[in-house]
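Participant: So the chains spell out like this:
There are 2 protein chains.
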Amino acid sequence: IVELWKNVKRVTVSAWEMGRSDPRKIIFSAKMGVALILISLLIFLKQPFQDVGRYSVWAILTVVVVFEFSIGATLSKGLNRGLGTLSAGGLALAMGMLSKLAGEWEEIVIMVTIFIIGFCATYAKLYPTMKAYEYGFRVFLITYCYIIVSGYRTGEFFHTATNRFLLIALGAAVSVGVNVCIYPIWAGEDLHNLVAKNFTGVATSLEGVVNNYLNCIEYERVPSKILTYQASDDVVYSGYRSAVESTSTEDALMSFAVWEPPHGRYRMLRYPWKNYVKVSGALRHCAFMVMAMHGCILSEIQAPAEKRQVFRNELKKVGSEAAKVLRELGDKVKKMEKLGEEDILFEVHEAAEELQQRIDKKSFLLVNADLWEIGNRPRNENDSQDLLNMDEESHFLEYKSLSEAVLDLRSVRVPKSWEETVAADIINPANVTDEKYFRKQTSWPAHISFQADAIMTKQEESKTYESASSLTLATFTSLLIEFVARLQNLVDSFEELGEKAKFKDPLEQQETV
Amino acid sequence: IVELWKNVKRVTVSAWEMGRSDPRKIIFSAKMGVALILISLLIFLKQPFQDVGRYSVWAILTVVVVFEFSIGATLSKGLNRGLGTLSAGGLALAMGMLSKLAGEWEEIVIMVTIFIIGFCATYAKLYPTMKAYEYGFRVFLITYCYIIVSGYRTGEFFHTATNRFLLIALGAAVSVGVNVCIYPIWAGEDLHNLVAKNFTGVATSLEGVVNNYLNCIEYERVPSKILTYQASDDVVYSGYRSAVESTSTEDALMSFAVWEPPHGRYRMLRYPWKNYVKVSGALRHCAFMVMAMHGCILSEIQAPAEKRQVFRNELKKVGSEAAKVLRELGDKVKKMEKLGEEDILFEVHEAAEELQQRIDKKSFLLVNADLWEIGNRPRNENDSQDLLNMDEESHFLEYKSLSEAVLDLRSVRVPKSWEETVAADIINPANVTDEKYFRKQTSWPAHISFQADAIMTKQEESKTYESASSLTLATFTSLLIEFVARLQNLVDSFEELGEKAKFKDPLEQQETV
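Protein sequence lines, in the order shown, are assigned to chains A and B.
Its first residue numbered -19, the first sequence is counted upward by one per residue in the working numbering.
Its first residue numbered -19, the second sequence is counted upward by one per residue in the working numbering.
So that you can see chain A by itself, here it is in the shape it has in the complex (with noise of 0.2 Å):
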């Protein structure tokens, strides 16, 4: 019993959270309530009328079915539910008077075009453009069946024909009613915070993952739920996660709005849905670089921190700076507004260009000038102690960007013992036997120590691994700067949102203040 008060106090906990957190739910609910309660109580005053009762179902299931939490799901559902039951209801009717002359035939005849129109409806519906009338498919096919059976045992087609239809009429008319005057909940208003949402989500993805960068937060071990692309709570993943991920809420959402008529701030036949999901797709191609950015920082070849050092500043201004571009985008959508006269890519592009510009200058620190080809430009190892002490380092440099490499995406073993056993496999290149020990316990530099078979091979890898760990850091910078350049496809398909759906111009409203 103690367990089942828990139980409950945990239901109700949840419950409670649930409504506090999205009200609407609860005013949903209460507004199902009184349909319901609407609906039944035409069925009892109208008790005289013995067939309204008869057949009060029909108008019961059409409230409970076609009441959804938008509007528009509730109209295109309703008018689904119409069509496919006028329509069937006409064929309906003159295949029956048809088996009627078929006289002794006429079960058979009644079989066959059943299974012909089922055969047909299904068909039909399975055809990938039909499948927003998938409910009208189904409720044409029961409404066939249930007339053409009936119809056969009572002999009054017509009968029953016109009352199953009147009743789902009128079902559909109280949950319409009844769901657009009190407190409508619209999808349109939810696919346009949608997208709104998901600049801020990838806003902040941004900058956490520019952050996290430059501050070295390195995962010690990377959730598998990012591995497999599953949700999962870190801030960073989320941010770009959710608005990669809004493909199909945002599609479902606008084919429920394009029902909806025009209201509140949506004042405008045939609104231009369509370009809300155009501009969360531009601003999901954008989301797609961060997610490559967050790679930068999943991987386990990492840059060292001293070099990311250097570029600072400037990778820092770039990404606050592109997070607020995204945010003032957002917000622009959010408040319906047309972008003002200046170039909001502006400032955005100038950091971006600096960047560009230190990265040139500095450029010597992404490569390893040692094993150039070109061998008679000996590296003058006193020039990047000016600017790095990197000669002083390049000992630990050496060891360092080993050790990260084998930064393992499972990890079950710390870097120290890893490096303690490379060293022994190098000494006693027999221990290759132990294949199956090492397999399970690094990911990349596996093989490489089967076939380091001197010393010398694998410093020079070990040198490789330094190179290919500074040319992240290239790779980091040439994502950002690209998202920066497609920040401006965003800003196109964003103006053409405005256009189209024509947002308040800034410089006109305040002038008419």
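One or more hints might be untrue.
Any copy will do: because identical chains look the same in the list, a pair fits if it lies in one copy or spans two.
[Said to hold, decoys possible] Below, computed lysine-lysine pairings styled on BS3-like, alpha-carbon distance capped at 27 Å:
| # | residue 1 | residue 2 |
| --- | --- | --- |
| 1 | K205 | K254 |
| 2 | K177 | K341 |
| 3 | K341 | K287 |
| 4 | K314 | K297 |
| 5 | K5 | K80 |
| 6 | K(-14) | K105 |
| 7 | K205 | K177 |
| 8 | K205 | K304 |
| 9 | K105 | K5 |
| 10 | K315 | K5 |
| 11 | K482 | K205 |
| 12 | K314 | K480 |
| 13 | K480 | K297 |
| 14 | K296 | K484 |
| 15 | K287 | K297 |
| 16 | K5 | K177 |
| 17 | K480 | K(-11) |
| 18 | K177 | K480 |
| 19 | K105 | K177 |
| 20 | K111 | K205 |
| 21 | K304 | K111 |
| 22 | K314 | K205 |
If you are wondering where the hints come from, they were derived from the structure by calculation, not from laboratory data.
Once you've looked at the hints, dock chain B against the given chain A.
Facilitator: Coordinates of chain B only, in the frame set by chain A:
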């Protein structure tokens, strides 16, 4: 009439096409027809029982609603419906008895209970984890209202409830029977095939990306569908897009597959369908890298073709080896085989390392030494000439990088004309007023031309872009290497799947042969 005839012809053709590409759809439609005939047959036969005929609608309704494409979906809907009806029936009976006790307040009590039940059921079904049972709640609500209302009218609570339940059970039995016995369509099998197909898709994309990159195939005009992440028929793009986008399909199929009994090749209770989704997620994690590489092709800033050729063989080898690994894994998933003894990743790791070493040796190609701050190392042009005849081409490259940077996302104009405009702008800085014109035309270097007040600056910037364009080559390579690194994760999750799903061991098979 000609118009109508054309339409009819078009519809027929597309229907035929659909049937040919997926014959299961035809079979499914025929099954639907058979199930409908069976259920109406039962109703005809049992005509002596008046009640059965009267409530026949429930059986028909159940068949139409429960009959879904895959077995898993049918079973889960059938069970939802059964449970919903049963529990609602019980509750309604109890409430009906209670309301009788209320005497003259009966109507009010009924109304209140309808409201409360409607509210609770609707609220519960909005709870995220309850989404799978959404249909059950709906049926619950319908049943409750129907039994209460019709019970009130006729006073036969018990009679109505049992009749309804029996007929729904009959309908569900017929649908499940027909669906399972005649050519069953399993959601699990669909899931299995989808995952295997994703492997091929990503492999094709990867090869396509690497080849396009090496052959310097650029998009004259990037399809705006790619920029807004909509479906497009670009082969490279659709390959990874379908893998990335299949998340929701996979989740849906999995939720159905878990309902299916052991069958065919999946003879095992609690078959690990979840792991298929996990493998697919790991594949998606790899696909994001392909996506980022594709981004390098889509980008405005492109590495010069000559430099790409330097790494041609290595890039190509890594690309084809990685694609081979993907294909092999996909094949293994399809055939349900475990991996062999040898390390499937050995060759691709080897190739990746060669690429890395090559990059290391040639990394001077990626940077622009002229701008290095360590000024005492003047660039020896002759050396590079030995390698690439860079000296001769340097003038060309200088323009090339700029003109490539102009390969605007929308590229409404030929790059040529842009260069001319830039030149004009530099000579005559007063042109800056023409801002709108510029903003529409270019995306990336737009504001540079406004800054440019001396040809000197412009040349420096053009070099900046030259080095930026070379760095994208480093980016492409890094991404490819990161892709290879992520393969390990994919192999791991594949092995987990193989373990849990008890895939065949190729070695054991050979022994038994």
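Participant: All the hints need checking, so say for each whether the structure fits it.
Facilitator: Status of each hint after checking the structure:
no., hint, result
1, K205 with K254, "between (32 Å within a copy, 13 Å between copies)"
2, K177 with K341, "neither (38 Å within a copy, 46 Å between copies)"
3, K341 with K287, "both (13 Å within a copy, 20 Å between copies)"
4, K314 with K297, "within (25 Å within a copy, 48 Å between copies)"
5, K5 with K80, "neither (51 Å within a copy, 33 Å between copies)"
6, K(-14) with K105, "between (46 Å within a copy, 21 Å between copies)"
7, K205 with K177, "both (23 Å within a copy, 22 Å between copies)"
8, K205 with K304, "between (29 Å within a copy, 26 Å between copies)"
9, K105 with K5, "between (31 Å within a copy, 10 Å between copies)"
10, K315 with K5, "within (25 Å within a copy, 46 Å between copies)"
11, K482 with K205, "between (42 Å within a copy, 23 Å between copies)"
12, K314 with K480, "within (16 Å within a copy, 48 Å between copies)"
13, K480 with K297, "neither (33 Å within a copy, 48 Å between copies)"
14, K296 with K484, "neither (33 Å within a copy, 52 Å between copies)"
15, K287 with K297, "within (17 Å within a copy, 31 Å between copies)"
16, K5 with K177, "within (19 Å within a copy, 39 Å between copies)"
17, K480 with K(-11), "neither (50 Å within a copy, 37 Å between copies)"
18, K177 with K480, "within (21 Å within a copy, 39 Å between copies)"
19, K105 with K177, "between (34 Å within a copy, 25 Å between copies)"
20, K111 with K205, "between (32 Å within a copy, 22 Å between copies)"
21, K304 with K111, "neither (40 Å within a copy, 37 Å between copies)"
22, K314 with K205, "between (32 Å within a copy, 24 Å between copies)"
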